[in-house]
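Peer 1: Kindly generate the complete structure, drawing on both the sequences and the hints.
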Amino acid sequence: MSPALDVQGLTTRFDTRSGTVTAVDDVSFAVEPGRIMGLVGESGSGKSVTGFSILGLVDEPGRVSGGRVMVEDTDLRALAPDVMRSMRGRKVSMVFQDPMMTLNPVLRIGDQMAMAVRVHEPMPKARALKRARDALAKVGIPSPEERLAAYPHQLSGGMRQRVAIATALLHQPAVIIADEPTTALDVSIQGQILAEVRRLADETRTAIVWITHDLAVVSSLADDICVMYAGKIVERGTAEEVIGRPRHPYTLGLLQSVPSQHEPGTRLPQIPGSTPQLSHLPSGCPFRNRCPRATQICATAPPMTGTGNRSALCHHPLETA
Amino acid sequence: MFGYILSRLLQAIVVIFAMSILVFVGVYAIGNPIDVMIDPAATAEIRENLIRQYGLDQPLWRQYLTFLGNVAQGDLGRSMVYNTSVTGLVFSRLPATLELVLVAIGIATLIGIPAGIYAGYRPDSFGAKAIMALSILGFSVPTFWIGMLLIMGFAVQLGWLPSGGRGEVGTFLGIPTSLATSNGWSHVIMPALNLSLFKMGLMIRLTRAGMVEAMQTDYVKFARAQGLPERQIVFQHVLRNISIPVVTIFGLELGSTLAFAVVTESVFNWPGVGKLIIDSILQLDRPVMVTYLILVVILFVIINFTVDIIYARLDPRVRLGGKK
Amino acid sequence: MSNTATDTGDALVGPAAAPMETRTVRLRNFWWDFRQSRVAVLSLVVIVTLLVLSFGAPLVAPQDPYNIAMLEWLDAFLPPGTVGTGGYVHVLGTDNAGRDMLSAIFFGLRTSFTIALSAGALALTIGVTIGLTSAYFGGRIESLLMRIVDLQLSMPAILLALVMVAVLGQGIMQIIIALVFAQYAYFARTTHGAATVERSKDYIEAARSTPLPTHRVLFRHLLPNVMPPLIVVATVQVASAIALEATLSFLGVGLPLTEPSLGSLISNGFRYIHSDRFWLSIYPGIFLMITVVAINLVGDQVRTVLAPRHGR
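Sequence lines, in order, name chains A, B and C.
First residue of the first sequence? That's 1 in the working numbering, and the numbers climb one at a time after it.
First residue of the second sequence? That's 1001 in the working numbering, and the numbers climb one at a time after it.
First residue of the third sequence? That's 2001 in the working numbering, and the numbers climb one at a time after it.
Think of the hints as simulated: they come from the structure by calculation, not from any bench.
Here the structure is a predicted model, which is why all the values come from computation and not from measurement.
Every residue gets a Cβ at the ideal spot worked out from N, C-alpha and C, and that includes glycine.
Treat each hint with caution, since some may be false.
[Unchecked claim] Here's a subset of chain C near chain B, in silico, CB distances under 8 Å, partners left out:
#1 I2158
#2 A2246
#3 F2250
#4 E2259
#5 I2266
#6 I2273
#7 S2281
#8 N2296
#9 L2297
[As the list claims (entries may be wrong)] Each pair of labels, with its calculated beta carbon distance range:
#10 R1231/B to P292/A: 49 to 59 Å
#11 S279/A to L1009/B: 53 to 63 Å
#12 L1282/B to S2275/C: 19 to 29 Å
#13 R199/A to N2029/C: 29 to 39 Å
#14 L2151/C to G1069/B: 19 to 29 Å
#15 G273/A to Q1011/B: 26 to 36 Å
#16 S65/A to I2231/C: 34 to 44 Å
#17 R199/A to F1002/B: 41 to 51 Å
#18 L2117/C to Y1311/B: 31 to 41 Å
#19 G1106/B to R199/A: 49 to 59 Å
#20 H280/A to W2031/C: 25 to 35 Å
#21 T2114/C to R1062/B: 35 to 45 Å
#22 W2031/C to S65/A: 36 to 46 Å
#23 T2114/C to I1016/B: 50 to 60 Å
[Stated by the list, open to error] Partner residues are not named here, just some residues of chain B that face chain C (Cβ under 7 Å, in silico):
#24 S1140
#25 P1142
#26 F1144
#27 W1145
#28 L1254
#29 A1259
#30 V1263
#31 S1266
#32 N1269
#33 I1278
#34 I1281
#35 M1289
Peer 2: Structure (structure tokens):
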């Protein structure tokens, strides 16, 4: 099966006063239709910028400086700006972190969704509204007809995020980039949304890139996982492999600091130090000064160990854990 | 919505009462109007009579009640200079001021809002910087000085426009206005432009600030992620949002434009209420001053009230009583 | 810690008691940021020059424009650059009474500055006191004071000043009072706004719970933290006071020509606008414009520098 999304060597740089910073550094991954790929990392690891780079929506002073973004055999990076715009929402959609902010507060839900329908498929507004209503029903919103006439502030956070997901699904895109869409929600709502997304991915065969810092979320949702650190993907594999048998010391550190996976009453281990500033990365492996396994050799660029779909970027990968 | 309007209405009435007391005390209680009205050589008896006649021997609160009673009957006294009813005098001058203010606000809006949108959409462009520099000028250079330059340029040097006064008055929909004649327009355009500059600067800054803020919001990014073109994002998403503060200020500024008309009317010799108030201050014509001030207060209150209602109509969060 | 603090207790609470070093550093940082705008630096130079020229007017100006005995009828309406009976060049010409315009402008500028600065200082003092008091005490005092302030703010300054001038009459003192009346509310509102934010912070609670007198807490702890927005408002208000005074004088309800300010000079020149004697009104107007715009540009830059940093 050919992948819905195939990212090759994606690189995004920011020109700041203190020099050029590489926020996304030679990132490659592929997602097949109907599969969910968890892109995991701490804040500042470049995972959100990766999402925006795929859509070509990186704000100034950032710019995508290299790589390919293939969506169903079209390289988005090679498209003219206006053609690229016509791909957004139709072939690739995005859902954001804070459902309180992603909907325009002064426009009715129906109007906002109808606008998103008609921008790619000109049709009478009544038909666009019908499409919007069906989309709302599909993401499990009760009495969708009434919701169309509502303003965002009349809905709960979970409802708003469902509206955002429904909007992203309007044109049955090949790929949806979901940027921490459940982080701002209550845990109970979070569970509902995750179940809904899993069902939608299976039914619509949409490929989903699920960006998150929360390993607990992806472990129950994702098929595959990529772990990002300082702009690079440091480990990849199926969810079972990465969660069950992590290879990169960073992944292990992340897993050990998840409270729910930890034995009560003992001290919660944590990764020492903090996320490095991208402008002041150590030479070689960027994780080496926080890494318990680091040796001299780590001052040189780490090799990719393992095969294409199961690998880690490390001099001293863990064999089993 | 009804309860909202009612509470606003009550507030407005309270403010009008409070201000009428302030104005009354301010203008009537300070100084003695009798001294201005009569010959200093008049006998004590004539003085006493006059004081009694005007009720100035009564305690202040009673004087105020009498004053309120008269006001309720539409009687604001007689002008000491023109010797006519003040109400009639002010209302005969009001149309001239209103048409000046209307044209000025029109100019400020038609130029200020598009300029502000542009400056906010591309804040780092040369055009945006030029617009902002101009708005600082419009903001800080005194109105009367710009008015004078306009007269020197367009009236004295170029001779294109008359240097002052109101033009021929025609009728439009039964309303007598100089905006119905081309001669009238040639007279109104320069003072209106002068009056509009300050508001234009304000309008540009507000619109720009709103634009800059709105363009960074998530809902704009989300609209982009849906593939909406920039034009549609600006005009259908963003404008709707920034129209709320802009309409509010627009309304509030209507009142202050009326007040600023005082200056412009004096420079361009425009026969409106602004010129009337300056003349009455110079001639110590107190009834005219009081009437003007109360009229302005009422206008301010009506404008604030209307703006509140429009604001509530535009912002569903206020209208539907939801939390922000 | 107690060694350096001469006032007991003060060193324990809040940034008010910041040591001298940090204050100098802060000032140096401020200047560094301020310098980033060349326009603002130029404006500052212009303001300082104008201040020196105006307050040094008796030394700098070729003539004392108040001394009627010195004025010569033959010198009336001399165009710029002419040599008058005094034997020196009237760089900006002379007015209808034979006054040297340049001298009149310097002296007029001095009057304008004096009025604007005194009005600004008074309005600042009154406004800050009202703002701090209401923010500190809260409750009824706060809502009453702020209601009045808001009401005044909804009225344009020019209108308030006109009312006061109408009641008080003409003269320097009267104008100053009118300006203070028209402007104190801006300071009160700003102070109150900033102080309310500060009030909710822990260090004010801490200072309140120690047995320090009220005024001590207000002025030593709250005030320093509302300073940045106040500086911005003060700059803008001084500029607007100069413009407002000029406007009132131009309208004939401000200063009489015997005490010339820039406004009354322009007003005088305005009478000759239809003749070719443009220099009577244009030059004082240019000085007025430069002064007001320069102050506003400096204020703009101060606002930019003092604004909370956007995430870099």
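Peer 1: Against each hint, give a clear statement of whether it holds in the structure.
Peer 2: Hint-by-hint comparison with the structure:
Interface hint at I2158/C: satisfied, since its Cβ lies 6 Å from the closest Cβ of chain B, which is below the 8 Å cut-off. A least Cβ separation of about 6 Å between A2246/C and chain B falls short of the 8 Å threshold, and the interface hint therefore holds. Evaluation of the F2250/C hint against chain B yields a held restraint, the C-beta minimum of about 5 Å falling below 8 Å. A cut of 8 Å between beta carbons decides the hint on E2259/C: the least distance to chain B is about 18 Å, and the hint is violated.
With 8 Å as the threshold, the beta carbon of I2266/C comes within range of chain B, its nearest partner Cβ sitting at about 7 Å, so the hint holds. Because the smallest distance between the Cβ of I2273/C and any Cβ of chain B comes to about 6 Å, under 8 Å, the interface hint for this residue holds. Below 8 Å, beta-carbon pairs count as interface contacts, and S2281/C has one with chain B at about 6 Å; its hint therefore holds. Against a cut-off of 8 Å between C-beta atoms, the interface hint on N2296/C holds, since the closest Cβ of chain B lies about 4 Å away.
Because the beta carbon of L2297/C sits about 7 Å from the nearest beta carbon in chain B, less than 8 Å, this interface hint is met. Here the CB-CB span from R1231/B to P292/A is close to 55 Å, well matched to the stated 49 to 59 Å. Range check, S279/A to L1009/B: about 59 Å between beta-carbon atoms, so the 53 to 63 Å window is met. The hint said 19 to 29 Å for the Cβ distance between L1282/B and S2275/C, and at roughly 25 Å that hint holds.
At roughly 56 Å, the beta carbons of R199/A and N2029/C sit outside the given window of 29 to 39 Å. Between L2151/C and G1069/B the beta carbon distance is about 25 Å. The supplied range of 19 to 29 Å therefore holds. Between G273/A and Q1011/B the CB atoms are about 58 Å apart, so this pair departs from the stated range of 26 to 36 Å. Hint check: S65/A to I2231/C, Cβ distance near 43 Å, so the stated range 34 to 44 Å holds.
The beta-carbon spacing between R199/A and F1002/B, approximately 45 Å, falls within the hinted interval of 41 to 51 Å. At roughly 39 Å, the beta-carbon separation of L2117/C and Y1311/B lies within the given 31 to 41 Å, and the hint holds. The hinted range of 49 to 59 Å is satisfied by G1106/B and R199/A, whose Cβ atoms lie roughly 56 Å apart. Checked against the given bound of 25 to 35 Å, the beta carbons of H280/A and W2031/C, roughly 28 Å apart, stay inside it.
Range check, T2114/C to R1062/B: about 43 Å between beta-carbon atoms, so the 35 to 45 Å window is met. The beta-carbon spacing between W2031/C and S65/A, approximately 38 Å, falls within the hinted interval of 36 to 46 Å. Distance hint check for T2114/C and I1016/B: the Cβ-Cβ separation is about 38 Å, which falls outside the suggested range of 50 to 60 Å. Given the 7 Å rule on beta carbons, the hint for S1140/B holds: about 4 Å separates it from the nearest Cβ of chain C.
Against a cut-off of 7 Å between C-beta atoms, the interface hint on P1142/B holds, since the closest Cβ of chain C lies about 4 Å away. Contact between F1144/B and chain C, as hinted, is supported at the beta carbon level, the nearest pair being about 5 Å apart and thus within 7 Å. For W1145/B, the shortest C-beta to C-beta distance to chain C is roughly 5 Å, which falls under 7 Å, so the interface hint holds. Nearest Cβ of chain C to the Cβ of L1254/B: about 11 Å, over the 7 Å cut. The hint is violated.
Look at A1259/B: its Cβ gets to within about 4 Å of chain C, closer than 7 Å, so that hint holds up. Below 7 Å, beta-carbon pairs count as interface contacts, and V1263/B has one with chain C at about 6 Å; its hint therefore holds. Nearest Cβ of chain C to the Cβ of S1266/B: about 5 Å, under the 7 Å cut. The hint holds. The closest approach between the C-beta of N1269/B and any C-beta of chain C is roughly 11 Å, which is over the 7 Å cut-off, so the hint fails.
Contact between I1278/B and chain C, as hinted, is supported at the beta carbon level, the nearest pair being about 5 Å apart and thus within 7 Å. Because the closest C-beta pair between I1281/B and chain C is about 4 Å apart, less than 7 Å, the hint holds. The closest approach between the C-beta of M1289/B and any C-beta of chain C is roughly 6 Å, which is under the 7 Å cut-off, so the hint is satisfied.
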